[in-house]
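Taking the hints into account, I'd like the entire structure generated from these sequences.
2 protein chains.
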Amino acid sequence: MRTLVPFGPSNPLTRLAAVLSPAERRQFADAMLADVLRTVRAAGGDPVVLATEPVDADAPVVVDDRDLSTAVEAAIGGETAVVMADLALATPDALERLYEARGDVVVAPGRGGGTNALVVRHDGFELDYHGASYRAHRENAARVGATVEEVDSLRLGTDIDEPGDLVDLLLLGDGRAVDWLRDAGFRVREADGRAVAERE
Amino acid sequence: MRTLVPFGPSNPLTRLAAVLSPAERRQFADAMLADVLRTVRAAGGDPVVLATEPVDADAPVVVDDRDLSTAVEAAIGGETAVVMADLALATPDALERLYEARGDVVVAPGRGGGTNALVVRHDGFELDYHGASYRAHRENAARVGATVEEVDSLRLGTDIDEPGDLVDLLLLGDGRAVDWLRDAGFRVREADGRAVAERE
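Just so you know, the sequences run in chain order B and P. Quick note on the numbering used here: the first sequence kicks off at 1 and runs consecutively. Quick note on the numbering used here: the second sequence kicks off at 201 and runs consecutively.
No lab work stands behind these hints, which were simulated from the structure alone. This one's a predicted model, so the numbers in the text were calculated from it and none came from an experiment. Every residue, glycine too, gets a C-beta built ideally from N, C-alpha and C. Please note that a few of the clues may not be correct.
To be verified - Label-pair restraints from in silico Cβ distances:
id : chain 1 : residue 1 : chain 2 : residue 2 : range
1  : P       : R226      : B       : D65       : 31 to 41 Å
2  : B       : D128      : P       : G324      : 50 to 60 Å
3  : P       : A384      : B       : A184      : 39 to 49 Å
4  : P       : D392      : B       : D65       : 19 to 29 Å
Here it is, written out as structure tokens:
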């Protein structure tokens, strides 16, 4: 399935600014993008990077600097998936479940109300990426009579964009992004009955 | 499948102490337990509450005030599932995937390295509930030659025990716990491009 992977290479992952420098955030974002592209291919998808500016990537790149919803909507044609570039925990199995789920619209909800991964098979469905986009997308689907199927996946539901997410990547990740993180000195430590990420 | 639901009614959910009073935490914990017991039954499971002290519940109650790993290990007999009492997002579908997954040990990892749900089908497998129990359980399984299967579920992977989890319950929940939360005045608000829970 054609799979758009939106990516903003300029000042990415701002919520990680307290723990990674701007140059590190760009390297880490590139590593996560590479993992996502490889995982999309392993699941049988055809990845297309939808970038806000030209970028080197192991996939075709469409450049569109308009807001995310507008750019994604312009790039959708026929059955299309949209998978965020910071889903570094995604596995081929999880993406296969996304591709195989029936429904005019298939949504993998993320923590905090985001829409981390999506399949659109309905022409009239309107995208609305913002804070609680999961709820907006369900409402937009209902408005045009599109059926919605939810994919229940921790690996699609966990985007890596806040300091508290790094421990999940260290514990569950397997790819370039977790290698980058370990090389940068991040380790798992136990604190107050929970695992946390700590930089050496 | 026989399904243990560990529950500590005395001063539960301490990580929610900043947003809920002790009496409210107990009510909220009771509501989540009721949701989990109902969901276990809807998935075809036989719930047994494993409590640190006597408690009213809509299921048989085994009282054992020893530490969690010891108490669970004592209560396991044959094929047994262990599902945490604060998995208020769990659905019958998610638990059916847990029950149906093959493997001597089936693990649903949670955010922060926890083992939110588990199936044990191997006599020699040792439990070790603590901070990063997911990793410990994988290691313990490997040590006794038990095969491990992972269940990838946001609904099993998200325990509701910190203020940041409440928004996920408000957005994705459906049961007594989310009703209790709404009655207590909690609502979804958008802040900095994310949904957060706010008390009116």
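How the hints compare with the structure:
Between R226(P) and D65(B) the beta carbons are some 52 Å apart, a value that contradicts the proposed interval 31 to 41 Å. Between D128(B) and G324(P) the C-beta distance comes to about 51 Å, which sits within the given range of 50 to 60 Å. Checked against the hint of 39 to 49 Å, the pair A384(P) and A184(B) passes, with Cβ atoms roughly 41 Å apart. Against the hinted window of 19 to 29 Å, the Cβ-Cβ separation of D392(P) and D65(B) comes to about 22 Å, which satisfies the hint.
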